[in-house]
Amino acid sequence: MAERAFKVSHLAGAASAALLLALSFGTLGAVVWRAEAGQALGPADWAAIRFTLLQASLSAALSVALAVPVARALARRNFPGRALLLTLLGAPFILPVIVAVLGLLAVFGRSGVLAIALGWLGLPPVQIYGLHGVVLGHVFFNLPLATRLILQAWLEIPAERFRLAASLGAGPGDIQRLLEWPMLRAVVPGAFLVIFLISMTSFAVALTLGGGPRGTTVELAIYQAFRFDFDLGHAALLAVVQFTLAGAAALVAFWVAVPGAIGAGLDRRVERWDSRTGALRAQDLAVLVAVTLFLALPLVMIAWRGAAGFVALPLGVYEAALRSVGVALVSAAICLVMSLSMALMIAQLRGRGAGRVIEGLGYVTIAASPLVIGTGLFIVIFPLADPVALALPITALVNAATSLPFALRVLVPAVQQVEAAHGRLADVLGMTGWARLRLFLIPRLRRPIGFSAGLAAALSMGDLGVIALFADPGSATLPLALYRLMAAYRMDQAAGAALLLLGLSLMLFWLFDRGGRIDADA
Amino acid sequence: MKYLTLAAGLLMAGGAMADTPVLTVYTYDSFVSEWGPGPAVEKAFEATCDCDLQFVGTGDGAALLARLKLEGARTKADVVLGLDTNLTADAAATGLFAPHGQAPKFDLPVAWNDPLFLPYDWGYFAFVYDKTKMKTVPGSLAELAASDAKIVIEDPRSSTPGLGLLMWVKMVKGDGAKALWTDLADNIVTVTKGWSEAYGMFLGGEADMVLSYTTSPAYHLIAEKDDSKAAAAFSDGHYMQIEVAGKIASSKHPELADKFLSFMESDAFQSIIPTTNWMYPAITPAGGLPKGFETLITPAKSLILPADEAAKLRDPALAEWLSALSK
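So the sequences go chain by chain: L and E.
In this text, residue positions in the first sequence follow this note's numbering: the first is 1, and each later residue adds one.
In this text, residue positions in the second sequence follow this note's numbering: the first is 1001, and each later residue adds one.
A portion of the hints provided could be inaccurate.
If you only want the chain E side, here are some residues facing chain L, beta carbon under 10 Å, derived [as the list claims (entries may be wrong)]:
{"id": "1", "residue": "V1032"}
{"id": "2", "residue": "E1034"}
{"id": "3", "residue": "G1194"}
{"id": "4", "residue": "G1237"}
{"id": "5", "residue": "T1276"}
Stretches of chain E that chain L covers, calculated by requiring three or more beta carbons in the stretch to come under 8 Å of a beta carbon on chain L [said to hold, decoys possible]:
{"id": "6", "stretch": "1068 to 1076"}
{"id": "7", "stretch": "1149 to 1162"}
{"id": "8", "stretch": "1198 to 1206"}
Ranges of calculated distance between the beta carbons of each label pair, as one might list FRET restraints [unchecked claim]:
{"id": "9", "chain 1": "E", "residue 1": "R1074", "chain 2": "L", "residue 2": "T244", "range": "53 to 59 Å"}
{"id": "10", "chain 1": "E", "residue 1": "G1095", "chain 2": "L", "residue 2": "R446", "range": "57 to 63 Å"}
{"id": "11", "chain 1": "L", "residue 1": "L511", "chain 2": "E", "residue 2": "D1226", "range": "38 to 44 Å"}
{"id": "12", "chain 1": "L", "residue 1": "Q127", "chain 2": "E", "residue 2": "P1021", "range": "56 to 62 Å"}
{"id": "13", "chain 1": "L", "residue 1": "L511", "chain 2": "E", "residue 2": "K1225", "range": "40 to 46 Å"}
{"id": "14", "chain 1": "E", "residue 1": "Q1102", "chain 2": "L", "residue 2": "Q127", "range": "52 to 58 Å"}
{"id": "15", "chain 1": "L", "residue 1": "R77", "chain 2": "E", "residue 2": "K1043", "range": "55 to 61 Å"}
{"id": "16", "chain 1": "E", "residue 1": "D1175", "chain 2": "L", "residue 2": "W33", "range": "53 to 59 Å"}
{"id": "17", "chain 1": "E", "residue 1": "K1312", "chain 2": "L", "residue 2": "A354", "range": "50 to 56 Å"}
{"id": "18", "chain 1": "E", "residue 1": "G1095", "chain 2": "L", "residue 2": "T292", "range": "58 to 64 Å"}
Just so you know, these hints were derived from the structure itself, not from any lab.
Since we're looking at a predicted model, the values are computed, not measured.
All C-beta atoms, glycine included, are put in the ideal place defined by N, C-alpha and C.
Starting from the given sequences, assemble the full structure and let the hints guide the process.
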């Protein structure tokens, strides 16, 4: 099958992987190179490592456990507003941390909506601060992502399987065992890993909702080593610890995951005959209502608090917003080119060690400390050029690398499935290179491509990223402008800026995601 | 493509201005923001200096120092503005700073004679509360710890006010600092990464009091016409934050840097500070302080540790704080 390897050139995929390596391990190397010998790991570091592992495992487990019923309900129900709900539910994931925390506290905090409601019933308010608060915060952020990842896999079960199941008289239990369980076995470990890694590098959420220094994560220890002690060696050591934890988690996830063997279908619309009973309808309705309330209430509070400040936003905030949209579009384009080329390469190297390694590389940017990336880039760029003048392009590039793992998560299985299902036909027709990409792959991948681009653009909008390390007065992005408003006591205007940010991120996500789904069913 | 055009534009702009000297001032992010002192200071200084003043903002004071250490002797900075007395010992040890050689008469509650750094503003740390919601206000650190008031504080590892409180408690309580933190633990709702998070949580009703500055109520009074916020006066005295600037020894424009530092102590700069940085100016301008500042509390005692002592106490004080609050 030598000719199959040349269907689409590996050059772009290899270049993307190399760029990722440079951004994650290369920046770490730069920090190590610049550092003097740092302190070894102390008891405080070990405490941070234990807490990080504990909260990240719990956060990932709970997010995925809750995402399964939500994804199932979304997969087997079609109702007006489903697309809108899907878009809205993605919002927490793309919010800047500070906004999301204040939104969560407006619901679950000491004087939040929940405390007021409990007060009416004569009950004491819930105490949000502690490990459970950290997990709650991370589930709020990541449940939407877990749901989307699992839902994607659900929708990829070919319609023919459900037809066959229905004609054989299979009930919901049989469908679960024969169709859904194998699919979950393939997709859940990957989703768990992604959320584990995101929660692992959390800092502000863990500290604030953890109620103080008990909530110290490795990322906070890195921050302390860098900023408080200026011990670059120690910061680098902790970054290595973070990569090691991530690597161990990835090994476990790959070991547990069993690749789906569900086979191909004819791309027909999925009809579900198995879930028409009243009990299942009620169950799905309850799940959807509960999750919508949990995710939407904090968003409603953010919008509510932002409405007043929104009308009085200074011009500078709109300029920053425009800049952010530009960065987001560039970032989405870079992310798409990188992730698609890597996904093609991974699909073609399927089953071989190299493919696994490239796929693993796709995850490393989640485990990389943003502070280490920023500092490493600074060390590399500073002798060559003015980092401040390059602030926006660097931000776009780093944001693209940050959202790449999520895009990869969606694109790799999709490319594999398309190749497995229709690859031979394309081979027979002699489609290679650009023609294969343009005529065969991209049309079949519209949905995951739209979703990935939307996610990348929205993530880039909301992420403060490395701009805080490089910014000059004239190049603020919207998240930075929001932080600056807060630092200048202007909390109402900051809330208005948060609303603007939320609106723009969702709009970008919706446009791309919608673009991907035009002409597509479901 | 957009960035290529942008880069080309920047290069051309750089070429056109090559004959005007550029003074580069590194400072913290909130100083350069549209809502901070930066824009007004830039305009006022450029009107007198026939130069181009460029601010570069980075994080907060501690991030600023870290940035400077990363750049080392190759730094492009001519002046660094925004360090405080908890950082000056460390900053002086880098050997990057040159003596300022100036001796203005400061309106500071304490004497100032640092040869490397000149203050431009100062303030007192304090717990700010809402007068309409809080009836009994604690009058000292010990009273606060004994009360059931809920407070939000900043983490000393990631925030300047957080470090200020650490020093405040250490200076007042000495060896009893750890015991006080243990008593305070049940008052602390949570610890945040930075001031903005803490202040936002306080305004959102998450806590009765927040660690901020005695000058914070002036913002609400002057900018929002809201007189409901006040700072609690503690009989222990209040720890001070003095914000300073220094000249980089390797600066290519040493005269211009000197000119900026003396401009920094002039009325033109000092009168911008109170209502943009919401701190006290280091030298009260001829026009006095803005109306509203007279309503602020004046602490009975002004506390501040000498720079070298602050540097020495920092790590043991942090260890006490961590062990008292990690339980």
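Here is what the structure says about each hint:
1. The restraint placing V1032/E at the interface with chain L holds, with a minimum CB-CB distance near 4 Å, inside the 10 Å limit.
2. Restraint check, E1034/E versus chain L: the minimum CB separation of about 4 Å is within 10 Å; hint holds.
3. The beta carbon of G1194/E is positioned within 10 Å of a beta carbon in chain L (closest approach about 8 Å), and the interface hint is therefore held.
4. Interface restraint check: G1237/E against chain L, minimum CB-CB distance 25 Å, threshold 10 Å, status violated.
5. About 8 Å separates the beta-carbon of T1276/E from the nearest beta-carbon of chain L, less than 10 Å, and the hint is met.
6. Residues of the stretch 1068 to 1076 of chain E lying with their CB closer than 8 Å to a CB of chain L number 5, which satisfies the three-residue condition for coverage.
7. Chain L is given as covering the stretch 1149 to 1162 of chain E, and this holds because 5 residues of the stretch bring a CB closer than 8 Å to a CB of that chain, at least three being needed.
8. Three residues within the 8 Å Cβ limit are the bar, and the stretch 1198 to 1206 of chain E against chain L gives 7, so the coverage statement holds.
9. The supplied range of 53 to 59 Å is broken by R1074/E and T244/L, whose beta-carbon atoms lie about 33 Å from each other.
10. Against the hinted window of 57 to 63 Å, the Cβ-Cβ separation of G1095/E and R446/L comes to about 60 Å, which satisfies the hint.
11. As the Cβ distance of L511/L to D1226/E is approximately 40 Å, the hint placing it in 38 to 44 Å holds.
12. Hint check: Q127/L to P1021/E, Cβ distance near 58 Å, so the stated range 56 to 62 Å holds.
13. At roughly 41 Å, the beta carbons of L511/L and K1225/E sit within the given window of 40 to 46 Å.
14. For the pair Q1102/E and Q127/L, the beta carbons lie near 53 Å from each other, so the given range of 52 to 58 Å is met.
15. Separation of R77/L from K1043/E is about 60 Å and conforms to the stated range, judged on CB atoms against 55 to 61 Å.
16. Hint check: D1175/E to W33/L, Cβ distance near 42 Å, so the stated range 53 to 59 Å is violated.
17. Range check, K1312/E to A354/L: about 54 Å between beta-carbon atoms, so the 50 to 56 Å window is met.
18. The hinted window of 58 to 64 Å between G1095/E and T292/L holds, with their beta carbons roughly 59 Å apart.
In terms of the numbered hints stated before, the structure departs from hints 4, 9, 16, listed from lowest to highest.
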